[in-house]
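Here this note's numbering runs 42 ahead of the position in the sequence shown, where the first position is 1.
Since the hints were derived computationally from the structure, they do not count as laboratory data. Where a beta carbon is used, it is the ideal one built from N, C-alpha and C, also for glycine. Don't take every hint at face value.
Claimed, not checked - Straight-line distance between alpha carbons at most 25 Å, and here's what the computed PhoX-like set of lysine-lysine pairs gives:
#  : residue 1 : residue 2
1  : Lys-436   : Lys-489
2  : Lys-315   : Lys-285
3  : Lys-463   : Lys-436
4  : Lys-463   : Lys-355
5  : Lys-436   : Lys-397
6  : Lys-417   : Lys-298
7  : Lys-298   : Lys-285
8  : Lys-401   : Lys-418
9  : Lys-463   : Lys-337
10 : Lys-355   : Lys-380
11 : Lys-463   : Lys-401
12 : Lys-401   : Lys-355
13 : Lys-163   : Lys-355
14 : Lys-463   : Lys-489
15 : Lys-401   : Lys-169
16 : Lys-332   : Lys-355
17 : Lys-337   : Lys-315
To be verified - Cβ-Cβ distance ranges computed for the label pairs, FRET-style:
#  : residue 1 : residue 2 : range
18 : Arg-256   : Ser-277   : 51 to 61 Å
19 : Pro-199   : Tyr-151   : 19 to 29 Å
20 : Arg-256   : Thr-314   : 31 to 41 Å
21 : Ala-170   : Pro-311   : 18 to 28 Å
22 : Thr-246   : Asp-377   : 46 to 56 Å
23 : Pro-199   : Gly-482   : 26 to 36 Å
24 : Gly-482   : Lys-380   : 31 to 41 Å
25 : Gly-347   : Ser-312   : 41 to 51 Å
26 : Lys-463   : Tyr-310   : 13 to 23 Å
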Amino acid sequence: MKRLAVGVLVAMVWGCGGADTTSGGALDDDTGGTGTDDGSSSDDTSDPFNLDAGGDDAGGDDATVGDSGTGDGLVFDTPEDTTCATSEVVAAKPPVDVIVVVDQSGSMYDDNVRVKNGINKLSDYLKATGLDYHVIMIARVGTCSTTSCTNVCVPPPLGGPTTDCDATSKPLRNSLPPIYRTSNSTVSSTNALSMLLSTYSSTTTGIKWSDAVRPEAFKAIVPITDDNSALTAASFDTQLLAKAPVGMFGTASARKYAAFPIMGASTYPSETKCGSTMVNNGSQYIQLVKLTGGKWFPLCATDFGPLFTDMAKSIASAVACEVAVPSPPPGEVFDPAKVNVVYMPSSGGSVPVVKDESKPCASGANGWQMSSDGKKILLCGTACTGLKADPGGKVTVQFGCAGKPPPPPPDGGTCTPFGAKCGDADICCPPLSCLPGPDGSNICRAKGPA
Numbered sequence: 043m044k045r046l047a048v049g050v051l052v053a054m055v056w057g058c059g060g061a062d063t064t065s066g067g068a069l070d071d072d073t074g075g076t077g078t079d080d081g082s083s084s085d086d087t088s089d090p091f092n093l094d095a096g097g098d099d100a101g102g103d104d105a106t107v108g109d110s111g112t113g114d115g116l117v118f119d120t121p122e123d124t125t126c127a128t129s130e131v132v133a134a135k136p137p138v139d140v141i142v143v144v145d146q147s148g149s150m151y152d153d154n155v156r157v158k159n160g161i162n163k164l165s166d167y168l169k170a171t172g173l174d175y176h177v178i179m180i181a182r183v184g185t186c187s188t189t190s191c192t193n194v195c196v197p198p199p200l201g202g203p204t205t206d207c208d209a210t211s212k213p214l215r216n217s218l219p220p221i222y223r224t225s226n227s228t229v230s231s232t233n234a235l236s237m238l239l240s241t242y243s244s245t246t247t248g249i250k251w252s253d254a255v256r257p258e259a260f261k262a263i264v265p266i267t268d269d270n271s272a273l274t275a276a277s278f279d280t281q282l283l284a285k286a287p288v289g290m291f292g293t294a295s296a297r298k299y300a301a302f303p304i305m306g307a308s309t310y311p312s313e314t315k316c317g318s319t320m321v322n323n324g325s326q327y328i329q330l331v332k333l334t335g336g337k338w339f340p341l342c343a344t345d346f347g348p349l350f351t352d353m354a355k356s357i358a359s360a361v362a363c364e365v366a367v368p369s370p371p372p373g374e375v376f377d378p379a380k381v382n383v384v385y386m387p388s389s390g391g392s393v394p395v396v397k398d399e400s401k402p403c404a405s406g407a408n409g410w411q412m413s414s415d416g417k418k419i420l421l422c423g424t425a426c427t428g429l430k431a432d433p434g435g436k437v438t439v440q441f442g443c444a445g446k447p448p449p450p451p452p453d454g455g456t457c458t459p460f461g462a463k464c465g466d467a468d469i470c471c472p473p474l475s476c477l478p479g480p481d482g483s484n485i486c487r488a489k490g491p492a
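Sequences and hints are given; from them, build the entire structure.
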């Protein structure tokens with residue numbers, strides 16, 4: 043019997059088309075450490091994160107977590123005559139384009155200072171989670187002649203290594219393309235959404251930003267204002283979805299964007315005005331958040347650093363359940379019917395995910411499935427919930443081996459699966475723990491901040 047050890051690495055594993063399936067795999071016994079077969083098994087057939095993939099050592103396809111060896115990796119027992127030939131490609135997380143549009147009316151002076159002081163927290167967190175992110179800033183470029191200037195200056199590292207935001211003239215820099223890009227536009231109290239639309243494909247130099255967003259990227263729209271929008275959320279959504287090229291922002295049934303405004307409302311989900319200095323609670327932004335599945339943040343916050351970090355977590359969560367399938371190495375092909383998915387918590391360890399194509403994700407699937415165009419791996423149900431609670435977690439996709447079926451009916455005790463809600467009496471499937479999830483309720487997930 044051949045043992046293939048899958049260690050904790052960030053990689054996509056491909057099967058070579060037409061390869062001799064009797065030869066050894068590219069993942070050798072040293073990558074994960076063979077360990078000992080003392081991992082706890084998951085007998086719950088509804089568990090998409092299956093720690094016992096069925097069968098025993100004689101049957102040849104059980105999965106156990108090894109507690110010794112160098113990698114604490116997941117070990118698959120596979121018969122010699124079914125060993126898969128594989129090669130590896132690094133897995134990239136989905137791209138994210140963040141479009142920030144800043145109200146520069148006189149009442150926003152103090153708030154724009156907080157934007158300057160805190161916006162790097164947004165980029166720092168997105169970078170730490172491994173997301174391929176770009177930031178586009180729609181705001182006025184120019185110099186400040188008074189101390190109450192509302193121009194926005196973004197300091198290093200996002201604004202570039204030479205940006206001096208303490209200088210008398212505070213220009214808005216475009217010094218770090220393609221990561222950071224500006225659109226030189228004056229935004230007033232109630233036209234943030236209108237300016238976002240009108241500047242998108244402007245013919246004026248320094249304003250157009252349509253060439254800075256990527257068709258495949260998820261877009262996070264971030265208006266920052268103490269007032270409401272004169273343009274309704276519904277009208278903005280219709281016009282944005284119509285922007286060329288077709289599908290850039292998705293469709294009404296499958297949007298590729300969400301709104302994350304910093305505005306006059308209190309902490310989400312409260313819709314009351316957060317303070318006496320706010321002009322408006324931003325009812326149209328509230329409607330846009332509800333329409334797109336985003337989240338709002340209170341402009342009354344005295345420190346925007348934690349606020350931008352929270353926003354980054356929400357953005358990362360929005361794309362956590364999709365993994366793009368990269369191109370195979372040159373000269374190789376793969377069979378999309380031969381796929382296995384393994385989740386690797388940020389705290390270490392490996393957990394296989396079972397395949398569930400019985401229904402769409404939105405209809406209650408619990409596991410993973412391929413997108414209709416074959417370009418993405420979709421995580422559904424508790425698998426998705428768990429990944430949202432662990433932004434630093436990774437997904438390894440193995441191509442070239444027949445997909446593992448759900449485990450057999452339980453014949454003993456059970457453990458609570460990854461992403462499922464848990465209480466004091468529940469035992470989470472190893473290596474998971476019962477910890478607070480993104481909404482504050484306890485779920486079985488990896489250790490570390492949700």
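Hints and how they fare:
{"no.": "1", "hint": "Lys-436 - Lys-489", "result": "holds, 14 Å"}
{"no.": "2", "hint": "Lys-315 - Lys-285", "result": "violated, 32 Å"}
{"no.": "3", "hint": "Lys-463 - Lys-436", "result": "holds, 21 Å"}
{"no.": "4", "hint": "Lys-463 - Lys-355", "result": "holds, 20 Å"}
{"no.": "5", "hint": "Lys-436 - Lys-397", "result": "holds, 17 Å"}
{"no.": "6", "hint": "Lys-417 - Lys-298", "result": "holds, 15 Å"}
{"no.": "7", "hint": "Lys-298 - Lys-285", "result": "holds, 12 Å"}
{"no.": "8", "hint": "Lys-401 - Lys-418", "result": "holds, 16 Å"}
{"no.": "9", "hint": "Lys-463 - Lys-337", "result": "holds, 23 Å"}
{"no.": "10", "hint": "Lys-355 - Lys-380", "result": "violated, 33 Å"}
{"no.": "11", "hint": "Lys-463 - Lys-401", "result": "holds, 22 Å"}
{"no.": "12", "hint": "Lys-401 - Lys-355", "result": "violated, 29 Å"}
{"no.": "13", "hint": "Lys-163 - Lys-355", "result": "holds, 11 Å"}
{"no.": "14", "hint": "Lys-463 - Lys-489", "result": "holds, 15 Å"}
{"no.": "15", "hint": "Lys-401 - Lys-169", "result": "violated, 34 Å"}
{"no.": "16", "hint": "Lys-332 - Lys-355", "result": "holds, 18 Å"}
{"no.": "17", "hint": "Lys-337 - Lys-315", "result": "holds, 15 Å"}
{"no.": "18", "hint": "Arg-256 - Ser-277: 51 to 61 Å", "result": "violated, 25 Å"}
{"no.": "19", "hint": "Pro-199 - Tyr-151: 19 to 29 Å", "result": "holds, 25 Å"}
{"no.": "20", "hint": "Arg-256 - Thr-314: 31 to 41 Å", "result": "holds, 37 Å"}
{"no.": "21", "hint": "Ala-170 - Pro-311: 18 to 28 Å", "result": "holds, 27 Å"}
{"no.": "22", "hint": "Thr-246 - Asp-377: 46 to 56 Å", "result": "holds, 50 Å"}
{"no.": "23", "hint": "Pro-199 - Gly-482: 26 to 36 Å", "result": "holds, 32 Å"}
{"no.": "24", "hint": "Gly-482 - Lys-380: 31 to 41 Å", "result": "holds, 40 Å"}
{"no.": "25", "hint": "Gly-347 - Ser-312: 41 to 51 Å", "result": "violated, 21 Å"}
{"no.": "26", "hint": "Lys-463 - Tyr-310: 13 to 23 Å", "result": "holds, 21 Å"}
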